[in-house]
Structures are given as C-alpha cells and as structure tokens.
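Produce the entire structure from the sequences given, and follow the hints as far as they go.
Mapping of the sequence shown onto the working numbering: residues 7 to 82, in sequence order.
No lab work stands behind these hints, which were simulated from the structure alone.
Hints are not guaranteed to be accurate.
To be verified - With a straight-line cut-off of 25 Å between C-alpha atoms, the simulated SDA-like cross-links for lysine to any residue are: (1) Lys49 / Met70; (2) Lys58 / Ile23; (3) Lys49 / Glu72; (4) Lys50 / Gly61.
Model, not experiment: these values are computed from the prediction.
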Amino acid sequence: MRLCDGEPGGRYRVEEICLAMQMERRLEALGLTPGGFIEIMNKKPRGALVVKFRGSRFAIGRKMAENIQVREVLSK
Numbered sequence: 007m008r009l010c011d012g013e014p015g016g017r018y019r020v021e022e023i024c025l026a027m028q029m030e031r032r033l034e035a036l037g038l039t040p041g042g043f044i045e046i047m048n049k050k051p052r053g054a055l056v057v058k059f060r061g062s063r064f065a066i067g068r069k070m071a072e073n074i075q076v077r078e079v080l081s082k
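Right, dumping it as structure tokens:
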C-alpha cells in the first residue's frame, strides 16, 4: 500500500521508495530507508502527512507519500 493511504496512528514498515534519486537520498539521510518503520501522526486536509520516524517528526507532501510503499505493522 502507499503511505498516503495509511491512517493516522498507524505504524508501517517501508517496503520501497520510488522517488527521484536526489529526493530518495535526502530521505535516506534523514533516516527513512526500506525496512525502517514510520508512523503517521496526522493527515492534513490538503494532503500533507505528518510522520514520525527515528524519533523525529516530519511533514511529507502527498506526491512524495504516493511514492513510498509500506506494509502495516500490527501493534503488540
């Protein structure tokens, strides 16, 4: 599923990032890599997502979130 299809409060494992190389490297530098975990904190009405990974919160635009493939992780 795409990250933009996730729900606030959901925790996901990043499966694949399909962005331009420069953008992909930028996310990698921030710590978002395939196999990592990401949590959706909030979804803004205009499409932006506030996400949390590696202990930091970030805002990701909808177009970017459409190109990040994730799999939902069940809570323990």
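Verification of the supplied hints:
For the proposed pair Lys49 and Met70, the alpha carbon gap of about 14 Å is at most 25 Å, so the pair holds. Taking the CA atoms of Lys58 and Ile23, the gap is about 16 Å. The hint holds against a cut of 25 Å. For the hint linking Lys49 to Glu72, the alpha-carbon distance of about 13 Å falls within 25 Å, and the restraint holds. Using a Cα cut-off of 25 Å, the hinted pair Lys50 and Gly61 holds, with the two alpha carbons roughly 20 Å apart.
Hint compliance for this structure: no hint is broken.
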